[in-house]
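If you read the protein sequences in the order shown, they are chains S and B. By full-length UniProt numbering, the letter at position 155 of the first sequence is numbered 155, and the numbering carries on one by one without gaps. By full-length UniProt numbering, the letter at position 95 of the second sequence is numbered 95, and the numbering carries on one by one without gaps.
Accuracy of the hints is not assured; some may be wrong.
Subject to a maximum C-alpha distance of 27 Å in a straight line, what follows is the list of computed BS3-like cross-link-like pairs (lysine-lysine) [stated by the list, open to error]:
id: 1; chain 1: S; residue 1: LYS276; chain 2: S; residue 2: LYS123
id: 2; chain 1: S; residue 1: LYS366; chain 2: B; residue 2: LYS119
id: 3; chain 1: S; residue 1: LYS276; chain 2: S; residue 2: LYS291
id: 4; chain 1: B; residue 1: LYS107; chain 2: S; residue 2: LYS366
id: 5; chain 1: S; residue 1: LYS364; chain 2: B; residue 2: LYS142
id: 6; chain 1: S; residue 1: LYS775; chain 2: B; residue 2: LYS113
id: 7; chain 1: S; residue 1: LYS366; chain 2: B; residue 2: LYS142
If the Cβ cut is set under 10 Å, some of the chain B residues that face chain S in the computed set are [said to hold, decoys possible]:
id: 8; residue: GLU37
id: 9; residue: ILE39
id: 10; residue: ALA41
id: 11; residue: PHE42
id: 12; residue: THR53
id: 13; residue: LYS98
id: 14; residue: LEU102
id: 15; residue: THR110
id: 16; residue: LEU112
Treat the hints as calculated values from the structure; they're not laboratory data. From the three backbone atoms N, C-alpha and C, an ideal C-beta is built for every residue, glycine too.
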Amino acid sequence: MTNSWTDIRNTDLVVIMGGNAAEAHPCGFKWVTEAKANRGAKLIVVDPRFTRSASVADFYAPIRQGSDIAFLLGVMNYCIKNDKVQWDYVKAFTNAAFIVKDGFEYKDGLFTGYDETKRDYDKSTWNYVIGDDGFAVIDDTLTNPRCVWNLLKAHISVYTPEMVERICGTPKEKFLKVAEMISECSTPTKTMTSMYALGWTQHSKGSQNIRSMAMLQLVLGNIGVRGGGMNALRGHSNIQGLTDVGLMSNLLPGYMTLPNEKEVDFDTYMSTRGFKPLRPNQMSYWQNYRKFFVSFLKTMWGAAATPENHFAYDWLPKLDVPGYDVLRAFELMNQGKMTGYICQGFNPLLAAPNRTKLTASLSKLKFLVTMDPLDTETSRFWENHGEFNDVDSSQIQTEVYQLPSTCFAEDEGSLTNSGRWLQWHWPGGTAPGEAKTDNWIMAQIYTRLRDLYRKEGGAFPDPIVNLDWSYADPGEPTAEELAKELNGKALAPVMDPTDPTKVVVEAGKLVPSFAALRDDGSTTSGCWIYSGCFNENGNNMARRDTSDPDETGAYLKWAFSWPVNRRILYNRASADLNGKAWDPSRKLIEWDGQKWSGYDVPDIAPTAKPQDVGPFIMNAEGVSRFFVVGMMRDGPFPSHYEPFESPVTNLIAPKIRGNPVARVFKGDFAQFAEPASQEFPYAATSYRLTEHFHYWTKHVWVNAVLQPEFFVEISEELAKEKGIVKGGWVRVWSKRGSIKAKAVVTKRIKPLICDGKPVHVVGIPLHWGFTGAAKKGFGPNSLTPFVGDANIETPEYKAFLVNIEPIAGPVA
Amino acid sequence: MNMELSRRQFLAATGAGVASTALGAFGFGEIEAAHAEAIRAFKLVNTTETRNTCPYCSVACGIIMYSKGDLKKGEKAEIVHIEGDTDHPTNRGTLCPKGAALLDFVKAETRLKYPMVRKPGSDKFERISWNDALDRIARLMKDDRDGNFVQKNNDGVTVNRWTTTGFLAASATTNETAFATYKVVRSAGMLVFDNQARV
Chain S
1 MTNSWTDIRN TDLVVIMGGN AAEAHPCGFK WVTEAKANRG AKLIVVDPRF
51 TRSASVADFY APIRQGSDIA FLLGVMNYCI KNDKVQWDYV KAFTNAAFIV
101 KDGFEYKDGL FTGYDETKRD YDKSTWNYVI GDDGFAVIDD TLTNPRCVWN
151 LLKAHISVYT PEMVERICGT PKEKFLKVAE MISECSTPTK TMTSMYALGW
201 TQHSKGSQNI RSMAMLQLVL GNIGVRGGGM NALRGHSNIQ GLTDVGLMSN
251 LLPGYMTLPN EKEVDFDTYM STRGFKPLRP NQMSYWQNYR KFFVSFLKTM
301 WGAAATPENH FAYDWLPKLD VPGYDVLRAF ELMNQGKMTG YICQGFNPLL
351 AAPNRTKLTA SLSKLKFLVT MDPLDTETSR FWENHGEFND VDSSQIQTEV
401 YQLPSTCFAE DEGSLTNSGR WLQWHWPGGT APGEAKTDNW IMAQIYTRLR
451 DLYRKEGGAF PDPIVNLDWS YADPGEPTAE ELAKELNGKA LAPVMDPTDP
501 TKVVVEAGKL VPSFAALRDD GSTTSGCWIY SGCFNENGNN MARRDTSDPD
551 ETGAYLKWAF SWPVNRRILY NRASADLNGK AWDPSRKLIE WDGQKWSGYD
601 VPDIAPTAKP QDVGPFIMNA EGVSRFFVVG MMRDGPFPSH YEPFESPVTN
651 LIAPKIRGNP VARVFKGDFA QFAEPASQEF PYAATSYRLT EHFHYWTKHV
701 WVNAVLQPEF FVEISEELAK EKGIVKGGWV RVWSKRGSIK AKAVVTKRIK
751 PLICDGKPVH VVGIPLHWGF TGAAKKGFGP NSLTPFVGDA NIETPEYKAF
801 LVNIEPIAGP VA
Chain B
1 MNMELSRRQF LAATGAGVAS TALGAFGFGE IEAAHAEAIR AFKLVNTTET
51 RNTCPYCSVA CGIIMYSKGD LKKGEKAEIV HIEGDTDHPT NRGTLCPKGA
101 ALLDFVKAET RLKYPMVRKP GSDKFERISW NDALDRIARL MKDDRDGNFV
151 QKNNDGVTVN RWTTTGFLAA SATTNETAFA TYKVVRSAGM LVFDNQARV
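Between the sequences and the hints, there should be enough to build the whole structure, so can you do that?
In structure tokens, the structure reads:
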């Protein structure tokens, strides 16, 4: 989230699209209710199902899953055509005026530079014109036909209300009502917030779904303001934290990236991370990358990371592919190229797509280790559970270790919520049996591995034996020790760059924030964006002061929000070019002629003059981007692509199937149903219920009683067509698997008319398996395709094709 | 201040043991006092309160856990009740159908208690000691790493990577556990590394 849960109270319009906050995030959704009750805010829900969020909405519009980009670009087109644009914001705070290189164009669903065999683009034309002064050329008048704004207008002009109806199945008048309500937020005094979740991410173009809304929010001037923003409602309690700390194949902590093998040394690596400003005076904050990177390496390898060995740069593994995400991991396993897999609090047998492939893959491992408080399906993938896990144990040679870990109630430390608040929690109970904390388990594995390397030698032991592991008890680091490590400390006195005689941080002290980090090896910090979480003031994540001056919803003294306790990102954009709030009733920070101050920690240098320095300080442009240079694999603008399995062909670009640059492994393409398939005619989607959390709460008696049994949800029309009765049994199958379920026949789902043809939606909730207190059941991952988003490989769970038929129920 | 908090403060301040005295001071007669003493004591009076956050979704509602026994005193502690934290700015004491049932998660019958091993081809889990399990895991990891670690690629570039053993990190561990995990995984050169951000 750019903003926070408690900030939603400040909005005028909530758009829930790609999520279902009332059911999946109930206590966060209360802030929508607050805004409705206290400010007269309106709620719009756009979803294939009439969800509980929709049931309390002021307006609901149906949409076919997987067509969000067409809808959102349609709204943007409407706003521009009807002059519903916050012009001052767009002109000053976006790259609308930047001139794009000749050669860049979009045609027939593809941008310039497409290579069909590589399923990738040569992005060399996707760039700005750079002037002789080294800066990007701009046209403030927005008249140059090659400026971003004019290219954008042309690019989205095809998404008329009529086209939106044909693609999305949203009746034109409903679309227009949504577009009109949204467009009203283009005035400086009306604000809209976007609340989305996996309904947008779990698509082969998930990243561009989100970009589309972010761009719309820029047109309306809603980024950086109270009650605005792009608010990703993360699914799990600390998935924000796990991502922040960089636990992904290609990440270093704090959104730095792991080197690839072309970055043969430290200097080559840094050469593409200089982030020289693209416009005069801009902060381009990533210019400090080297400080964060060196401080991270010093945290890892301490005294062994020296200027002479480039702070142990060579000890970081180098990538040969963009990333070894969970899909690639299972692909490699299935090819017999992996030996071992360790699953910490993760149940991939139910969470990753195409379960048949997952079981085959796990069966080829030599060993599997699970660490979990609960008895997961993954840890028992080798055990026969009849039709729910139909395997022959004797044929599976995988050695499996199931390690019992503590749960939240028995563990200490911080979790980062969706609003970037790091909140500390304390243990209150004794763990059952011999269950141990994850810190203990990881430390025990590490110290054993290290000791084996010390004793026996082996393949390149240096990074293992030299890892800084100087905890009071190396067998179990404490949460406080690790939190201080994340924060960072001074190894030598840190001097003031403007006054070399002045010490900013004494040696041995915790740094106050990342501003004190240095690139010479004199500081450490495990995760620069968390710096400030535990400094010489103490554990800031444990703060519990509920004061909130003027009830802005900031709660600056409650816990710690990254970065530097800032509650709303890009908050300098809440004020105009002179530094005055766009909306005085929603003042956030303002310029007093000397400095910035207000209700939040300014997201700008405190003395940066408002006319000189742009609000988007992490971007080299200093402004936000309608047109993105190089960072998105599938285009500088979003474009409508159908899901890989779609009930219709792509109306905008009939020859394009799926996302043209999404990675598809050999063999998986053959397992996709054809577009507009007769064999698999129905559009399926997965979702959560409010009574369950993923695959955990089926272990909880109360929740198992509330929702005991797996079901699928279909419309009355489809039920009639197929002879399916309410509560009757059905078989649902895709090209990859087959499941049995009870049918919930509902008015909540209605057939959509897409390009004149009815499309039936089949809803498949995801909470059942073969362990726990609930009845045994299936999940959507028995059916879903093995393909992910083109940029970050989030599996396409939300849009795929199935068939359905009534069957006789099991004999009771 | 809202009603919920003041009720709790009142009960904590008076307590069952002093109920008769307090009631006497309020002017009740003996019959009322006897009646008051017959009422079951407030069940959370002698419990330890601990602040925590709900482990499910990312709203991170504040919760209070009530335990018999106090971990800080080195005692065994059994959690007997969990409720929403009224002081918490986000949830202000409320919980959803999942959070309201957290106690049953802590005490789920399918909570794991002991390390288990399933041997190749076997159809059952067997108990194993932590020591034996961890020794074996470290050995399996080292043997695989020694056999498959790539120090240089075909172009002679130092790459120091290990791609035959992978690690999936959690979605509900603490940031501190995440960093300990990060250090262990990366120092070993592992690249097959992911978390639940996408599912």
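Now the hints, each set against the structure:
| no. | hint | in the structure |
| --- | --- | --- |
| 1 | S/LYS276 - S/LYS123 | holds, 20 Å |
| 2 | S/LYS366 - B/LYS119 | holds, 11 Å |
| 3 | S/LYS276 - S/LYS291 | holds, 15 Å |
| 4 | B/LYS107 - S/LYS366 | violated, 33 Å |
| 5 | S/LYS364 - B/LYS142 | holds, 19 Å |
| 6 | S/LYS775 - B/LYS113 | holds, 23 Å |
| 7 | S/LYS366 - B/LYS142 | holds, 13 Å |
| 8 | GLU37 | violated, 30 Å |
| 9 | ILE39 | violated, 27 Å |
| 10 | ALA41 | violated, 21 Å |
| 11 | PHE42 | violated, 19 Å |
| 12 | THR53 | holds, 5 Å |
| 13 | LYS98 | holds, 5 Å |
| 14 | LEU102 | holds, 8 Å |
| 15 | THR110 | holds, 4 Å |
| 16 | LEU112 | holds, 3 Å |
Hints 4, 8, 9, 10, 11 from the earlier list are contradicted by this structure; the remaining hints agree with it.
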